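Protein chains in written order, with our numbering: chain A, 87 to 387; chain B, 2 to 303; chain C, 9 to 263.
What the hints contain is simulated information worked out from the structure, not anything from laboratory work.
Subject to a maximum C-alpha distance of 20 Å in a straight line, what follows is the list of computed EDC-like cross-link-like pairs (lysine to aspartate or glutamate): (1) C:Lys84 x A:Asp99; (2) C:Lys84 x A:Glu93; (3) C:Lys126 x A:Glu94; (4) C:Lys122 x A:Glu94; (5) A:Lys108 x C:Asp86; (6) C:Lys35 x C:Asp179; (7) C:Lys122 x A:Glu93; (8) B:Lys53 x B:Glu257; (9) C:Lys84 x A:Glu97; (10) A:Lys104 x C:Asp64; (11) C:Lys126 x A:Glu93; (12) B:Lys10 x A:Glu194; (13) B:Lys13 x A:Glu194; (14) A:Lys108 x B:Glu96; (15) C:Lys150 x C:Glu129; (16) C:Lys40 x C:Glu199; (17) C:Lys84 x A:Glu94; (18) C:Lys40 x C:Glu180; (19) C:Lys192 x C:Glu143; (20) A:Lys104 x B:Glu96; (21) C:Lys126 x A:Asp99; (22) B:Lys193 x C:Asp123; (23) C:Lys122 x A:Asp99; (24) A:Lys104 x C:Asp86; (25) C:Lys40 x C:Glu15; (26) A:Lys101 x C:Asp86; (27) C:Lys122 x A:Glu97; (28) C:Lys100 x B:Asp174; (29) B:Lys193 x A:Asp99; (30) A:Lys108 x C:Asp64; (31) A:Lys283 x B:Asp9; (32) C:Lys106 x B:Asp174; (33) A:Lys289 x B:Asp9.
Remember, predicted model here, so these are calculated numbers, not experimental data.
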Amino acid sequence: MTTLMSEEATERDLKMRKSSQKFWFAATWIFGAITFSILLLVIGYVIIQGGKAVNWEFLSTAPKGGLSGEGGVSTTLGTTLYLVLLTIGISTPLGVGAAIYLIEYAGEQSLTSPVLRALISIANFAVETLAGIPSIIYGLFGYALFVSALRFGWSLLSASLAGACLVLPTIIRTTEEALLAVPDDYRRGSLALGATKWQTLYKVVLPASLPGIITGVILSVGRVISETAVFFVTLGGSHRLPTSIMDGGRTLALHLYYLAMDTRAFDKAMGTGAVLVVMIILINLAIDFVSRKLTAGLKGR
Amino acid sequence: MSTRMIVDKAVKYILFISAILSIIIVLAIAFFIFQESVQAWKEIGVGEMLFKRVWRPGQDQYGILAMIYGSVAVTFGAIILGVPLALGTAIFLGEIAPTGVRAVLRPAVQLLAGIPSVVYGLFGMVVLVPMVRQINVPGNSGYGLLAASIVLAVMILPTITSIAEDAIRAVPDSYRSGSLALGATRWQTITKVVLPAGRSGIIAGIILGVGRALGETMAMIMVIGNSVIFPSPLTKNPLTFFLSQARTLTGNIAVEISYATGVHESALFATGVVLFVLIIVVNASARWLISRQSDVQTTRQG
Amino acid sequence: MNNIKIETINYNLYYGKFHALRDINIKIPEKKVTALIGPSGCGKSSFLRTFNRMNDLIPGASMTGDVLIDDQDLFKIDPVSLRQNVGMVFQKPNPFPKTIFDNIAYGPRVNGLKDHKKLEEIVENSLRSAALWDEVKDDLNKSGLALSGGQQQRLCIARALAVQPSVILMDEPAASLDPIATLKIEDLIHELSQNYTIVIVTHNMQQAGRVSDYTAFFYTDETRTGRLVEFDETKTIFTNPSDQRTEDYITGRFG
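So that you can see chain A by itself, here it is in the shape it has in the complex (with noise of 0.2 Å):
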């Protein structure tokens, strides 16, 4: 047998190979904390810049309109809790109930209907088409199906309707995860007890799925916080606190949009800012530990 190279050259070659690993080694290292470091500058920045203009009067002030900047942004904490609200109010049952049809009847109508088949994947990609959509398309379609068609104008309705189809995918997704990791073990032994399907479903399969449901549900929480395109063409733009659903209004983000494209006023913008930042730092907690629940509950039985 011959050996492939002399023993010099395969010496020298493990050198270099070596030394190539250190190096690409410590490039990912540097990645990494490039990547770290940026997160650090981005919230860091917000935080403590923004900081500077929030206190209580900052957050219990309403904003002054116009062109002031002045004021502060409590209105603006009104609106996008109503928007959250109804949002998620809608979008809750449907994506939850769509979810349950996906992963828990889908199997078994399949097989007795090809039509029911089809309709059930074109299901599925929708969802996927759904979750690919940019917002500011979900605006569009806001405006042209609700603000003008339905004649909803800027409104909270106009803009919860949207708001509800851009963060479906999102609640059927998780929901679909979380059922998925239900035991089919429980399923069986609640339906050998003879309880109907949706009793089994009902008293079984949603509670040992509910941590799952619930870190969608804050998800899609997170999503209508933060998201702009879609309420910049459908809520409209008013600093008023909206006394019904037919009101138009403006969130936080819009709010921060407004202070720092029409008014520059970068400070109270960044104040703004600073506060959603903290928001959604909250909600990723809240999500890390539904999710830490999930596992835990999942793994204690």
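Chain A is already provided as a structure; the job is to place chains B and C on it using the hints.
For chains B and C alone, kept in the frame of chain A given last:
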């Protein structure tokens, strides 16, 4: 039939309706956006809209080529800046980072994905734009493709990183031990076995990043300058191209929709149609690649 | 006894606090087949992975004692160059998602060989030695994953041969194969032992009897720490073991 049987049936139909709601929404989106754009395609003409560089609604000129170009240019810039960083981070997270470091960096990447786009836009306006403005070139306002590309690169970073990391982690460990047992170094194992095996998923991540970049709206409006011009170098130096202002397809829609009427409004919907089609094509190709990746994984045990 | 290829002296292996192997002393002869047998969890696979330092990759693994290969301290040899000399075949065939050619050429390539002529030569020789050449010579550009399980395993053996090692470790190489493919692998092992030192882990007593020249019996008591009970010529182990536990195991009284 007992009540609970009736409930069981009724629930099934209600759930079925919510399941096909997604189909209805997709169709409704496509229908409304297309329907509203028909007037523009008819009155202005498809060729006129897609290939004319001038967008001047006041004078009934509705060419969106400059915006298509702007969207493509800023996406290209973001990919150039963002992809190496994202892939480097994904390799680091998937193959190299010690558990403790990974436990910190992964949530950090997730958090990066959650930051609102207006916050990125504001950060760009307040921090990046003044820095870019320091580059001493006549006509450089600081707002433009460079600042926008940097902001966009950061925004697509988490998308690409997490999908690429998933693809890397999905590569079976037996490939790694097989390679190491043949005398490959860990780095050789990564570049010659792990990355090629995860290639489809990694490319899908990049394509989804492209989709995300094309669709980004508010942050782009805030830093790209929004001038309706065909981006071009400011001086003879071709690199000054990136200091040029631009407008994206998304920005065009968002900035003008609230006051547009008639053909102008319809032309904005036509802009939306172009964007919609672009994104569908991009995302479909990513999905195709991902399905190919899972094929590779499942045929492993031949 | 023949020349000694690998020798361990009071070798101990720990995974964190878990004591996996205690005081192993063994002399593995050159160009012979040595089988490591014993009940599941007795540490025989961990012991095998010592010889190409794959245990190094497991977090928390640590070892004491000496392991010598060609009278050199194995732990002083760089793991990367050690693995060129000590090849390994795994329990499940694990060809890379590459062509048959690229699978075989992988080892020589990562070890710095670029000359295509020489690579072709190595690919052919390795496939011939692994008794696979006739089956695949026209399909070298087909994916290695397209082969049958038995062919995949022979491909992995050819891949290991291509870096021209002197030792080949086999971790239950036929465990996932059907009886005919298993026989082919066993013939191949026999063939290869003329040129290579082979150490094979197997659960299959008949297989150990058929293919090996020497057999080491590992056993673990309730502490789950593996020990070497007996090491001798396979003939002796199977017909006249000196330890009662070996006899019990071989005759199928436990395990």
